[in-house]
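Trainee: Sequence:
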Amino acid sequence: MADISIKAKDECFVLALLGKLSRFLTTLTAWAGALVLFINVLVVFASVIWRYALHSPIHWAEEVARALMIALVFFGVATSTAKGGHIGVDLFLRFLPEQVRPYVVHASRWILFLVSVGLVVSSYDLVQAARLQTTETGLPQTIYVIPVLIGSLVMMVAALELALRERIRVVLFSGLGIVVLAAIGYMKLSLMADPASAAAGLMLICFVLGILAGVPIAFTLGLSAMVFFICDPSLPFVFFSQQVAAGVDHFVLLAIPFFLLAGAAMEINGMSTRLVELIVRGMGRFRGGLNMTTVLSMAFFSGISGSKLADVAAVGGVLMPAVRRAKQDGEEAAGVFAASAVMAETIPPCVNLIVMGFVANISIGALFIAGLVPAVCLLVLLMIAANRFGGKINVSEAYPVLRPRTQLYLGAAVGLVMIFMIGRGVMMGIATSTEISAFAVIYAIVVGRLAFRELTFKATVKMFIDIAAMSGVLLFIVACATSLSYALTIQMIPQQIAELLVSIGVERGAWLFLLLTIVILVIFGAVLEGAPALIIFAPILVPIAVQLGFSPLHFGIIMIMAMGFGLFSPPIGLGLYTTCAICGVEMKHVIRPMAKYLAVVFVGIIIVAMVPPLTTWLPGLAGY
Numbered sequence: 000m001a002d003i004s005i006k007a008k009d010e011c012f013v014l015a016l017l018g019k020l021s022r023f024l025t026t027l028t029a030w031a032g033a034l035v036l037f038i039n040v041l042v043v044f045a046s047v048i049w050r051y052a053l054h055s056p057i058h059w060a061e062e063v064a065r066a067l068m069i070a071l072v073f074f075g076v077a078t079s080t081a082k083g084g085h086i087g088v089d090l091f092l093r094f095l096p097e098q099v100r101p102y103v104v105h106a107s108r109w110i111l112f113l114v115s116v117g118l119v120v121s122s123y124d125l126v127q128a129a130r131l132q133t134t135e136t137g138l139p140q141t142i143y144v145i146p147v148l149i150g151s152l153v154m155m156v157a158a159l160e161l162a163l164r165e166r167i168r169v170v171l172f173s174g175l176g177i178v179v180l181a182a183i184g185y186m187k188l189s190l191m192a193d194p195a196s197a198a199a200g201l202m203l204i205c206f207v208l209g210i211l212a213g214v215p216i217a218f219t220l221g222l223s224a225m226v227f228f229i230c231d232p233s234l235p236f237v238f239f240s241q242q243v244a245a246g247v248d249h250f251v252l253l254a255i256p257f258f259l260l261a262g263a264a265m266e267i268n269g270m271s272t273r274l275v276e277l278i279v280r281g282m283g284r285f286r287g288g289l290n291m292t293t294v295l296s297m298a299f300f301s302g303i304s305g306s307k308l309a310d311v312a313a314v315g316g317v318l319m320p321a322v323r324r325a326k327q328d329g330e331e332a333a334g335v336f337a338a339s340a341v342m343a344e345t346i347p348p349c350v351n352l353i354v355m356g357f358v359a360n361i362s363i364g365a366l367f368i369a370g371l372v373p374a375v376c377l378l379v380l381l382m383i384a385a386n387r388f389g390g391k392i393n394v395s396e397a398y399p400v401l402r403p404r405t406q407l408y409l410g411a412a413v414g415l416v417m418i419f420m421i422g423r424g425v426m427m428g429i430a431t432s433t434e435i436s437a438f439a440v441i442y443a444i445v446v447g448r449l450a451f452r453e454l455t456f457k458a459t460v461k462m463f464i465d466i467a468a469m470s471g472v473l474l475f476i477v478a479c480a481t482s483l484s485y486a487l488t489i490q491m492i493p494q495q496i497a498e499l500l501v502s503i504g505v506e507r508g509a510w511l512f513l514l515l516t517i518v519i520l521v522i523f524g525a526v527l528e529g530a531p532a533l534i535i536f537a538p539i540l541v542p543i544a545v546q547l548g549f550s551p552l553h554f555g556i557i558m559i560m561a562m563g564f565g566l567f568s569p570p571i572g573l574g575l576y577t578t579c580a581i582c583g584v585e586m587k588h589v590i591r592p593m594a595k596y597l598a599v600v601f602v603g604i605i606i607v608a609m610v611p612p613l614t615t616w617l618p619g620l621a622g623y
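Counting from 1, position 3 in the sequence shown corresponds to residue 2 in numbering that gives the first Met the number 0; the numbering is continuous, with no gaps.
Among the hints, erroneous ones may be present.
[Stated by the list, open to error] In silico DSS-like cross-links for lysine-lysine, where the CA-CA straight-line distance does not exceed 30 Å:
no., residue 1, residue 2
1, 457, 19
2, 82, 326
3, 391, 82
4, 391, 326
5, 391, 457
6, 587, 391
It should be emphasised that the hints constitute simulated quantities derived from the structure, not laboratory data.
Build the full structure now, drawing on both the sequences and the hints.
Mentor: Put into structure tokens, the structure is as follows:
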């Protein structure tokens with residue numbers, strides 16, 4: 000008994016020590032990520048000023064910005080791993096028996112650890128290979144790969160600490176389950192005459208099991224890709240980390256954390272509260288006033304942040320208290336939020352518009368413009384539905400204490416100027432979306448601080464830390480999806496799908512192909528989240544669509560709208576889970592009241608799909 004007691008104490012000591020180490024390392028990566036994000040904003044902003052104002056471009060700026068981007072992603076994902084901030088699907092876990100569920104849930108923690116270990120091993124080899132290499136401007140090539148190794152090491156420690164933080168029985172049996180599955184996979188691989196042919200099958204099995212087990216999306220994708228590189232003897236394992244890093248080694252993707260940062264700055268400045276109150280006081284006298292306020296507020300903030308989930312959080316956090324004070328139906332309000340988020344998917348600077356332009360080689364500026372008219376169409380339809388299905392409220396109940404109207408108008412004016420700056424920059428071709436987003440950050444911080452004085456130094460530091468972690472989560476999904484996409488390409492799977500869809504389009508008509516695309520993206524948008532679905536399918540489907548006579552702009556916008564519909568649709572839409580959490584309601588109670596709004600949105604998507612000029616007219620006027 001004494002020996003058992005001593006052993007338990009030793010285990011607790013080791014776990015406590017590991018916890019302290021994990022917290023120390025993740026604190027370092029949190030601050031490092033914030034610093035990297037800050038420096039990157041300054042580098043991009045300065046490069047634009049030097050190029051346009053001083054006519055002396057900084058030649059090394061883009062390379063440094065890309066290296067800092069990789070550091071931001073891996074420092075951010077390391078920080079988020081310790082905090083449990085990754086996105087996953089837990090719907091299927093609810094069908095498991097109560098006795099089994101804890102073991103399956105915990106097994107996902109071991110998956111995080113295994114993927115982290117794989118990245119550590121692979122990135123170490125990548126660092127060794129890059130030691131003697133330099134970039135085009137003479138900088139050491141290791142600036143791109145050392146952050147991958149550091150972030151992976153911290154992520155491994157954090158994942159191990161999470162995996163061991165449970166009852167010993169759960170830890171051991173869940174780990175044993177992973178070992179058994181790995182052994183079965185190895186046996187299957189060893190029995191195959193051609194191991195490379197089994198790699199695709201094992202990759203698919205890992206993907207399906209990962210989704211069903213509630214493993215975070217990024218790590219499901221990463222595990223699938225890692226297994227493929229392990230199983231295929233013709234590919235060195237260093238390709239795993241190389242492809243993950245390559246997935247975010249792009250200057251254009253910097254627009255994502257920059258727009259997130261600009262949106263966060265405007266929210267902290269209090270612009271969201273002022274704008275929402277202004278809209279409520281204007282729309283409250285109409286039937287469905289609060290629902291219409293939700294739709295308009297989502298449209299407005301989508302022109303600032305770029306992230307639909309961030310928009311839902313910003314508007315929902317402000318509007319839901321007013322909904323409760325006005326004694327309105329919270330479940331229906333959550334449904335309107337979700338439907339409005341689908342509407343806002345094509346309002347620039349949406350993250351998915353940037354990802355679509357990047358992976359499909361379409362002008363991001365053109366996509367920004369192409370998405371405006373479809374967004375307006377859905378906006379009008381949702382406003383009509385909100386008015387038809389909503390009730391009238393008493394504004395004094397929603398806002399017992401009213402702000403002076405001058406404050407409200409000032410908040411709206413500051414936001415509108417920012418939206419105008421972004422839109423003007425894109426349409427005139429003054430700068431790239433990344434450069435414009437850097438200006439948006441500077442504007443939001445400086446002007447917002449002068450106008451509202453609510454963005455303190457402490458709040459600014461916290462904002463950079465939070466956005467660095469959030470960017471890491473979002474872009475790590477992109478990174479792992481890119482690695483999986485590479486594996487799929489090696490197996491010729493995209494080509495096979497392309498041949499099938501081309502034959503369908505030729506034999507049955509181009510419009511059937513378009514409808515099948517909508518169905519595919521709705522399904523995969525619900526399961527995967529936007530970025531990986533676009534990374535996997537856009538390079539395959541866009542060239543086929545062009546071959547069948549569709550404009551790449553039109554087809555790209557339809558893909559994004561369909562993916563957004565899946566993301567916020569029951570029963571497995573990740574965005575809907577987030578929306579319900581923000582609104583403080585259960586999803587099972589939201590499905591029925593939101594069905595009518597989703598039906599309206601779906602009708603709008605079909606109308607846009609069948610009328611291509613809705614997406615191509617405005618870009619044509621702008622010269623695209």
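Trainee: Decide, hint by hint, whether the structure agrees.
Mentor: Do the hints match the structure? See the list:
no.	hint	verdict
1	457 x 19	holds, 25 Å
2	82 x 326	violated, 35 Å
3	391 x 82	violated, 41 Å
4	391 x 326	holds, 11 Å
5	391 x 457	violated, 41 Å
6	587 x 391	holds, 25 Å
The structure does not agree with the numbered hints 2, 3, 5 stated previously, though it agrees with the rest.
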